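Engineer: With chain A's structure known, arrange chain B on it following the hints.
Chains as they are written, first to last, in the working numbering: chain A, 1 to 280; chain B, 1 to 345.
One or more of the hints may lead you astray.
[Unchecked claim] Here are the simulated DSS-like pairs of lysine-lysine, each with C-alpha atoms no more than 27 Å apart in a straight line: (1) B:K182 to B:K164; (2) B:K182 to A:K179; (3) B:K340 to A:K175; (4) A:K223 to B:K340.
I should point out that these hints are in silico values taken from the structure, not numbers from a laboratory.
What you are looking at is a predicted structure, and each value in this text was computed from that prediction instead of being measured.
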Amino acid sequence: MTDLSSSRRRALQCFAAFSAAPVVWPALAAEGGLPSAAHSDSSPQWERVAASLFAGRTPRAGRDVVQLHVPLRAAYGASVPVKVVSALPQTPQLFVRRMWLVVDKNPSPLAAVLDLTLEVGQADFETRLRVDEYSHVRVVSELSNGELHTDSRYVKTSGGCSAPPNRDALHLIGKTVLKLPAGLKLDQPTPADVTVVHPNDTGFELNNVTVMYIPPHFVRSIKISYDRRKVFNADLDFSVSENPTLRFNFVPHGPGELRAEVTDSKDASFVGTLLVSGAG
Amino acid sequence: MMAGATGAHAAAGCADDGSPPLRRRAALASLATAAACMVGALGGCATFDAWPPQVQSVAPGVYLLPGATGAAEPDNLGRIGNVGFIVGPNGVIVIDTGTSYAHAQAVLAAIARVTDRPVKLALVTHVRPEFVFGGSAFRARGIAIRMHTRSARLMAARCELCLKVLRQTLGDAAMHDTEMYKPDQEFDEPSHVLELIGRPVRVLHFGHSSGPGDIAVLDEQSGVLFAGGLLDIGRVPDIQDSELAAWQHALAALRALHARVVVPGHGAVIDADSGIMAVETYLRRLEEKVRSLVNSGASLISVGEAAELPEFARWDQYDIIHRRNASIAFLRFERELMFKPENMK
Chain A
1 MTDLSSSRRR ALQCFAAFSA APVVWPALAA EGGLPSAAHS DSSPQWERVA ASLFAGRTPR
61 AGRDVVQLHV PLRAAYGASV PVKVVSALPQ TPQLFVRRMW LVVDKNPSPL AAVLDLTLEV
121 GQADFETRLR VDEYSHVRVV SELSNGELHT DSRYVKTSGG CSAPPNRDAL HLIGKTVLKL
181 PAGLKLDQPT PADVTVVHPN DTGFELNNVT VMYIPPHFVR SIKISYDRRK VFNADLDFSV
241 SENPTLRFNF VPHGPGELRA EVTDSKDASF VGTLLVSGAG
Chain B
1 MMAGATGAHA AAGCADDGSP PLRRRAALAS LATAAACMVG ALGGCATFDA WPPQVQSVAP
61 GVYLLPGATG AAEPDNLGRI GNVGFIVGPN GVIVIDTGTS YAHAQAVLAA IARVTDRPVK
121 LALVTHVRPE FVFGGSAFRA RGIAIRMHTR SARLMAARCE LCLKVLRQTL GDAAMHDTEM
181 YKPDQEFDEP SHVLELIGRP VRVLHFGHSS GPGDIAVLDE QSGVLFAGGL LDIGRVPDIQ
241 DSELAAWQHA LAALRALHAR VVVPGHGAVI DADSGIMAVE TYLRRLEEKV RSLVNSGASL
301 ISVGEAAELP EFARWDQYDI IHRRNASIAF LRFERELMFK PENMK
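One chain only, chain A, in its complex shape:
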């Protein structure tokens, strides 16, 4: 009995000690991909990124121009699907000319920079990002009139321990596949997927067989054209998940070749093409 009561006492001391410890996770914003209040969702990392990218201009937070969607509740940190939705279509009068995707807490927060044209039709994108820690994920859109708009979500990943990186099919690195998941829509924004088979290694992970660091090796850029006209260019970083994938739109006015030109951090180049016939 004395044993038990003394161990209870120890347990209570332990709890007391914990409650005196500093709180590690500040409740910065809504969790799990819920909307975060515009004025309370900053982070030191974001301040730094914003200062270097926008040189004094402050992107306007709100959901009327650009929206970021992430899954509700817990996500799998190695591959968090994110979707950017633009309110307006791409028109010569006003269009999205650049987009940035940022993961505040990642070692390299800037995950992607997209350089867009009118050929996109509708500036919606989906991709998958690594989110190592609980972090804000953000999109910033720059319109052709120079306005900057931003939206963010607080992503709460679960697990803590990452899964061992997948190391199969290394011989297929660079294989680039294009698909039209919803078929062809002539003269309208047509969704397309580009996926590059690539480990997209960050350089921060240890191989769980050799216990050696896996050197960084990731896709740096994907350039998409249709019928030899530029649709968009994407500069990417290792915050993009293994087997980088982008869902985008393009506007086909007739038959043509959808083409993806890919380069990686070892200066390897890869090309994927899809012949699109007018018949749909």
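Structural biologist: Just chain B, lined up with the frame of chain A:
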């Protein structure tokens, strides 16, 4: 509450190796426990009111310190994994080390209340924080830690980060003196018997199944099987480190052992058949559900909602682990499709 009920036949100071009638009684009691917990698991059988939980007797000389339900959080000190121990004439083998230095100290103190025989060895069944990080306290006492080579490598590759995250979650006080370590003993062989404590303890490895180096531990004398990462009961099994097909094969191999009862990695003691079937069913349903989503062209962003399996919704951590499992399975099956020959032209 339920832990209190199972604690009714708890065995602080109970005999190490009982006579046959006593053994039978203990076995019956543990089956009753199992039955109670099969119902209770749905309502949170393993919850306990205060740490430490009482030592549960699973069979003569075989004991369990049950982990709390839920995710690792300050309220439960992260002590969510089961810790078992087997007492033989010459000493004690501990199965899994707990979450932290302090947890392992509490485990060693609890063992000392049951027996004065020396703790000879701690086996780590799989590489999850709540099974691994108590190791530093064992090593400080000169007790060797033994794990599969693949587990040792996985631990070396990622546990620095796991420990950092756990420290952030639980706080420095709960995690004091808890450190990364290398196991003292590694092994590669699939299955072997340890004779260290004068009572044969069989270590079973089925290849990369629920995890790369996951093992089960069978006390041959009592027929109690410690299933480690291969079985979670009343809690959604985590597929993150697994090879799904090999896991199913390993479960079939476990069934063929005809163990009397199973102590899972998480959750309550259960009879072997029911426990194995529950996990087999979950893994099969998960795979069916997610394959159909991949084949229908669903988007990863919708998978959490689309992969609901209501029949498992009452299992602990359904909201977290099942959703993550669904995402992980989705990515794997999608990759399989991507690498199919007809898609690689």
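Engineer: Each hint should be assessed against the structure and marked as holding or not.
Structural biologist: Hints and how they fare:
Taking the CA atoms of K182 (chain B) and K164 (chain B), the gap is about 17 Å. The hint holds against a cut of 27 Å. The straight-line distance between the Cα atoms of K182 (chain B) and K179 (chain A) is roughly 47 Å, outside the 27 Å bound, and the hint therefore fails. Distance hint between K340 (chain B) and K175 (chain A) is fulfilled; the C-alpha atoms sit about 13 Å from each other, no more than 27 Å. For the proposed pair K223 (chain A) and K340 (chain B), the alpha carbon gap of about 25 Å is at most 27 Å, so the pair holds.
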